[in-house]
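J.: Basically the working numbering = 1-based index in the sequence shown + 1.
Everything labelled a hint here was simulated from the structure, so no lab data went into it. Quick reminder that beta carbons are idealized off the backbone N, C-alpha and C, glycines included. Incorrect hints may have been included.
[Said to hold, decoys possible] Cβ pair distances, simulated, as ranges:
| # | residue 1 | residue 2 | range |
| --- | --- | --- | --- |
| 1 | 84 | 18 | 28 to 38 Å |
| 2 | 20 | 67 | 17 to 27 Å |
| 3 | 20 | 74 | 29 to 39 Å |
| 4 | 67 | 22 | 24 to 34 Å |
| 5 | 21 | 45 | 28 to 38 Å |
| 6 | 53 | 23 | 13 to 23 Å |
| 7 | 33 | 54 | 25 to 35 Å |
| 8 | 82 | 23 | 12 to 22 Å |
| 9 | 27 | 79 | 28 to 38 Å |
| 10 | 81 | 40 | 16 to 26 Å |
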Amino acid sequence: MRRLAEHLFKSSDAKKVKAAGVRCRALGSEGPTVEHIVREAQDQRVDLIVIGTRGSGAIERTLLGSVSPGVVAHAPCPVTMVRW
Numbered sequence: 002m003r004r005l006a007e008h009l010f011k012s013s014d015a016k017k018v019k020a021a022g023v024r025c026r027a028l029g030s031e032g033p034t035v036e037h038i039v040r041e042a043q044d045q046r047v048d049l050i051v052i053g054t055r056g057s058g059a060i061e062r063t064l065l066g067s068v069s070p071g072v073v074a075h076a077p078c079p080v081t082m083v084r085w
């Protein structure tokens, strides 16, 4: 997961965002992910969280939980979910 985040952060799209003057950083986490993302957003006073979602079905969400909806529910700022 961390390698994927680092790869995406170094991608051409991320470079375009940085070139436009937008400060951004990738965050990889193990453990209670929702709490970690929300805490980092509060501590860093971020303006926007962009988070990926796989569009899991209801059974999968029930069994595995879902990070994206948890972040949306508890984030101190707007959240954009990107389906991949």
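J.: Confirm or reject each hint.
T.: Here is how each hint holds up against the structure:
1. 84 with 18: 28 to 38 Å: For residue 84 and residue 18 the Cβ distance comes to about 19 Å; the hint is violated.
2. 20 with 67: 17 to 27 Å: violated, 33 Å
3. 20 with 74: 29 to 39 Å: Since the Cβ atoms of residue 20 and residue 74 sit about 33 Å apart, the hinted range of 29 to 39 Å holds.
4. 67 with 22: 24 to 34 Å: holds, 33 Å
5. 21 with 45: 28 to 38 Å: For residue 45 against residue 21, whose Cβ atoms are near 19 Å apart, the range 28 to 38 Å is violated.
6. 53 with 23: 13 to 23 Å: holds, 18 Å
7. 33 with 54: 25 to 35 Å: violated, 18 Å
8. 82 with 23: 12 to 22 Å: holds, 18 Å
9. 27 with 79: 28 to 38 Å: This hint is violated: roughly 18 Å between Cβ atoms.
10. 81 with 40: 16 to 26 Å: About 19 Å separates the Cβ atoms of residue 81 and residue 40, which means 16 to 26 Å holds.
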